[in-house]
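J.: Here are the chains, one letter per residue:
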Amino acid sequence: MPNRHSPDVVIIGAGVVGAACAYYAARSGLTVAVVDRGPVAGGTTGAGEGNLLVSDKEAGPELDLALLSTRLWRELSAALPPETEYEPKGGVVVASDEPALKALRSFAEDQRAAGVTAAEIPADRLAELEPHLAPGLAGGFHYPQDAQVQPAQAAARLLAASGAALHLGEEVTAVLRGPSGAVRGVRTARRELLAPAVVNAAGTWGGEVARLAGAHLPVLPRRGFVLVTEPLPRVVRHKVYAADYIADVASGSAALQSSAVVEGTPGGPVLIGATRERVGFDRSLSTEALRRLAAQAAALFPVLAGVQVLRAYHGFRPYLPDHLPAIGADPRVPGLLHACGHEGAGIGLAPATGVLVAAALTGAEPPLDPAPFRPERDYGPADPVPPQEQQS
Amino acid sequence: MTTSPSDPAEAAGLAIVGAGPAGLAAAVTAASLGLPVTLLDAGARPGGQYYRHPDPALGAERPHVLHHDWAAFAGREAELRAHERAGRIRHLPGRQVWSVTGSGTDWTVHSRTEDTAGEPVRARAVLLATGAYERQLPFPGWTLPGVVGAGGAQAMLKGGLVLPGRRVVVAGSGPLLLAVAASLAAAGARVPAVVEAAGYGPYARHTGTLLRNPAKLAEGALYGGALLRHRVRPLLRHAVVEAHGTGRVEAVTVARLDRDWRPVPGTGRRVPCDALAVGHGLVPELSLATALGCATRTAADGTVALVLTPGLRTSVPGIWSAGETGGVGGARLALVEGEIAALSVAGRPVPAGLARRRERLRAFADAMGAAHRPGPGWTGWLREETAVCRCEEVPAGRVREAVEELGATDARTVKLLTRAGMGWCQGRMCGPAVAALAGDGPAPDRRPLACPVRLGQLAELPAD
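Chain order of the listed sequences is A and B.
Residues in the first sequence are numbered from 1 upward in steps of one, following the UniProt record's numbering.
Residues in the second sequence are numbered from 1 upward in steps of one, following the UniProt record's numbering.
No lab work stands behind these hints: they were computed from the structure.
All of these numbers come straight from a predicted model, not from anything done at the bench.
Don't take each hint at face value.
To be verified - Computed beta-carbon distance windows for the label pairs: (1) L232(A) with S315(B): 37 to 47 Å; (2) E128(A) with P93(B): 41 to 51 Å; (3) P376(B) with E192(A): 27 to 37 Å; (4) T117(A) with G377(B): 33 to 43 Å; (5) R112(A) with A44(B): 21 to 31 Å; (6) P376(B) with R112(A): 55 to 65 Å; (7) E119(B) with D124(A): 33 to 43 Å.
Each residue gets a CB set at the ideal place from its N, CA and C atoms; glycine is no exception.
Build the full structure now, drawing on both the sequences and the hints.
T.: Written as structure tokens, this is what we have:
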């Protein structure tokens, strides 16, 4: 039986999405417990670059979520300590030729109608934004709303600010359900945490948590590699990428796709991400992925060719077949909510997700229509899965 | 084996990474068994960290006076040259290997030189003989000029024939300290103190092991004798808990330790010096192995080492490993393991005598490792502002905050939250310290790139 020590909600997952859910649930007056089998930011959050992007999202529900998040991140940057490294640096998307520029222009037109600020930058003025960009580009767009945080810090500081009880290093082995089928808490090896609501914020592993609760959620891993250079003086000022990136993000193909997103960090290193491929949880190094990232980054910024790459790492994005996250109450299992499947945009979309989850928990009016993110929706057919893909 | 080592397009028989004692012994053994061998090594000449050559510009005529056991090396180097001339070994010096990819009997070794990408080396089997690097435990003042690694001091002597100072305190833990102190004293330095954190008490429990390793005993007696000649006596159960100085180290504070290596209050005393050589043994270099998914274990000395079969196979089929990677054990063990690994790769039986020698040396290494394993109390000599990660200048206080307040339960999360371990050395220097502060056991390295590579070199890799 729940007692006065029982939280109002248990959140599974101490990544940035779980942390944001905890933060906004706590601000709504709920008592919160967060449980994770690993440490804070131990999964995809810790492998993320900290992108808060509107520029790569086509007009639609995900862009609306991103725009809400953009506002919320700005508020959070004032509330959280400076270690969060919020930086409204803006994005620059470049087109290598006239057809690409034309496509980018119409893409940006639709985004503008949805509330995005996007300014076309003619080729001869790109150097004012990014002095080291390669010559010969057709032009580009400047997106001042694109921003960045340090993702592990963001998750840790959100959790700390939430005041949630943390149970790290404890894997959830069962989602407890009452006789009516409603969720009544979770079990770990060390304890039972009883609560009338459980939020699945397990990211790439959200499908397994859903299964523990008796629900189905087709979350798949989509691997990405990131290259990190030696510390440099600021040679890259914005988030810079080629227009092809947008097509990669929207694609569901299992095959390796890459278009380098290049950016500097306050610490000095330049980050170059990220490939996208569906190879299950394969942790082996793909030299082909590194080659493509390196070649594309050097094509955008020739000065980087001579720079040392100190490390490479990979992460597994939580990917749902229709490229939208699952957010909100699951009508199939009363008391179960989901907040996962954000693919490569989880850092950016975390605050808006947290606000929607808090609203669902308290019955408050959500700031935007959550219907497109309904967990029980029809996700459509998954794209063809390569034979080596494993879902464990 | 039908491939020819002179044709880089074909998978050569065996690629060996590292030409230290293990890799060198493996290369000459494998070549003598008829396996085509490609030997890649970061150094200009074979020998690794142990058999170091003085810079040729120095014109040293007798490098062997700084080494015992030089003959074991010189013989194998001569064999290597003979195999090279006969085309049985392709020796690629000056190559840093940044990744090994592949599976089964089709492997690609990716390397770089100082300025260029080396062409990928194909192989049917790979032997990782990547050695070890020095274990450092931070203390206040350890970033001062004049503070050098104990192994670093030895390397300076062997490679550059230079002394780190004129009055050198040697400190830390492990058998290397005596060797370093003896070399420094023999080269003309004053060694006011050799400060060893462990007691030799644990050795007593392994008297049997010691007696079965007469060469090691003789080695100890040799160093002991050399030190006595120079009036140097190791100070047991003590540590340098602080180095003092403004522009350079001028003195160190030496304090008594309790059984857990916690400094005993009130026991500190100052020892003037102009250099400090400090080290706590060695850490196996496993970046390539762990990137391949090779299974690891915690060795007796508290470091992470590879799990190996008696034939020195790793848990990944097609990948063998020999020497320090299987647990730090010294050059003599590495030579034996190199031979065993080559026999194993070639599918030959390992002579019982060789296998017994390996077991005996391993048992000895384990006994020494257990005796010198850092006690948990060493973090007691850190101050909040003591730099733990030198590359990224992360103080102990920030690491503790990440652990106590931000939910980091392991070294990786500490890294994500503080940048400790993200710099040039990729955590080789601060890894053991960060793991200890995180209250975490030693974790296997995760470095998909074993060394830095220029972006342009990655861009020029052959496309899939």
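J.: Between E119(B) and D124(A), is the Cβ distance one that fits in 33 to 43 Å?
T.: Given about 41 Å between the Cβ atoms, the range holds.
J.: Falls inside 41 to 51 Å, the C-beta gap from E128(A) to P93(B)?
T.: 48 Å, holds
J.: Between P376(B) and R112(A), is the Cβ distance one that fits in 55 to 65 Å?
T.: 60 Å, holds
J.: Would you say the C-beta atoms of L232(A) and S315(B) sit inside 37 to 47 Å of each other?
T.: About 38 Å separates the Cβ atoms of L232(A) and S315(B), which means 37 to 47 Å holds.
J.: Take a look at whether the Cβ-Cβ distance between R112(A) and A44(B) falls inside 21 to 31 Å.
T.: Distance hint for R112(A), A44(B) is violated at roughly 60 Å.
J.: Determine whether the Cβ-Cβ distance between T117(A) and G377(B) falls within the hinted range of 33 to 43 Å.
T.: 57 Å, violated
J.: Has the hinted range 27 to 37 Å been met by the Cβ atoms of P376(B) and E192(A)?
T.: Cβ of P376(B) to Cβ of E192(A): about 33 Å, so the range 27 to 37 Å holds.
In this structure, the hints that do not hold are numbers 4, 5, in rising order.
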